[in-house]
Amino acid sequence: LAKTTQPISMDSYEGQEVNITCSHNNIATNDYITWYQQFPSQGPRFIIQGYKTKVTNEVASLFIPADRKSSTLSLPRVSLSDTAVYYCLVGGQYNFNKFYFGSGTKLNVKP
Amino acid sequence: NAGVTQTPKFQVLKTGQSMTLQCAQDMNHNSMYWYRQDPGMGLRLIYYSASEGTTDKGEVPNGYNVSRLNKREFSLRLESAAPSQTSVYFCASSGAGAESYEQYFGPGTRLTVT
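Chains L and Z are the protein sequences, given in the same order. Position 110 (the first sequence) corresponds to 110 in this note's numbering; numbering is contiguous. Position 20 (the second sequence) corresponds to 20 in this note's numbering; numbering is contiguous.
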């Protein structure tokens, strides 16, 4: 399984765009990149998944360069409620039975 | 839909006691998972079940057993609890194959072993 490296924590202010970068140098050809969000005392929640280039949904955008050795989760105009831990996961499309969550990035949004 | 439910929400055990954590999902998912999360850490996979009737070990299976009772239910048993098993336990479910990346998590069980 390709393991990931993320910053331990990040600070931001309400209304700003936040970009969280994840390194996954050993990503395999059939691996997908998935991001989860976890609030305190809750289970993680799926945010977005991608394979290459850019993916956007109603919550976030995911940017993946051509070499796929890193990815960036972009959260537009964050609010206080976006304060959470964000996990980057890498795995094959058919073997997400073996997720590796890592320690994640603690995002602290300030007023 | 209730999604993924877990019981109990909290539990305190003494070393050596046994207990079973229950998990049920109503999304007709094929795959189910058990994770543990220690304070300040990410989640670690204990066991998973890709489909009814099958189970497989994850990253940290020692000290645990699981049963996939039917498509809806997946239980986790601690036969002889140890303080090192103090953690928050999350159950999750997902579709199979290409849909397995989107997992739905329960609210967790906070277990303390003294």
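Hints in this document: simulated from the structure, not taken from any laboratory. Do not rely on the hints blindly, as some may be mistaken.
With a cut-off of at most 27 Å between alpha-carbon atoms, the simulated DSS-like pairs for lysine-lysine come out as follows [what the hints assert, rightly or not]:
id : chain 1 : residue 1 : chain 2 : residue 2
1  : L       : K3        : Z       : K71
2  : L       : K52       : L       : K3
3  : Z       : K9        : L       : K106
4  : Z       : K9        : Z       : K71
With beta-carbon atoms standing in for the labels, derived distance ranges [stated by the list, open to error]:
id : chain 1 : residue 1 : chain 2 : residue 2 : range
5  : Z       : P83       : L       : S41       : 32 to 38 Å
6  : L       : T29       : Z       : V12       : 34 to 40 Å
7  : Z       : G3        : L       : E17       : 29 to 35 Å
8  : Z       : G63       : L       : S23       : 28 to 34 Å
9  : Z       : E79       : L       : E14       : 29 to 35 Å
10 : L       : F39       : Z       : T54       : 27 to 33 Å
11 : L       : S81       : Z       : E79       : 26 to 32 Å
Even for Gly, the Cβ is constructed at its ideal location relative to N, Cα and C.
Quick rundown of the hints versus the structure:
1. K3/L with K71/Z: violated (31 Å)
2. K52/L with K3/L: holds (18 Å)
3. K9/Z with K106/L: holds (25 Å)
4. K9/Z with K71/Z: Given pair K9/Z, K71/Z holds - Cα atoms ~22 Å apart, limit 27 Å.
5. P83/Z with S41/L: 32 to 38 Å: At 22 Å between Cβs, range violated.
6. T29/L with V12/Z: 34 to 40 Å: violated (47 Å)
7. G3/Z with E17/L: 29 to 35 Å: holds (31 Å)
8. G63/Z with S23/L: 28 to 34 Å: holds (32 Å)
9. E79/Z with E14/L: 29 to 35 Å: Because 49 Å falls outside the window, the suggested range is violated.
10. F39/L with T54/Z: 27 to 33 Å: holds (32 Å)
11. S81/L with E79/Z: 26 to 32 Å: Given about 41 Å between the Cβ atoms, the range is violated.
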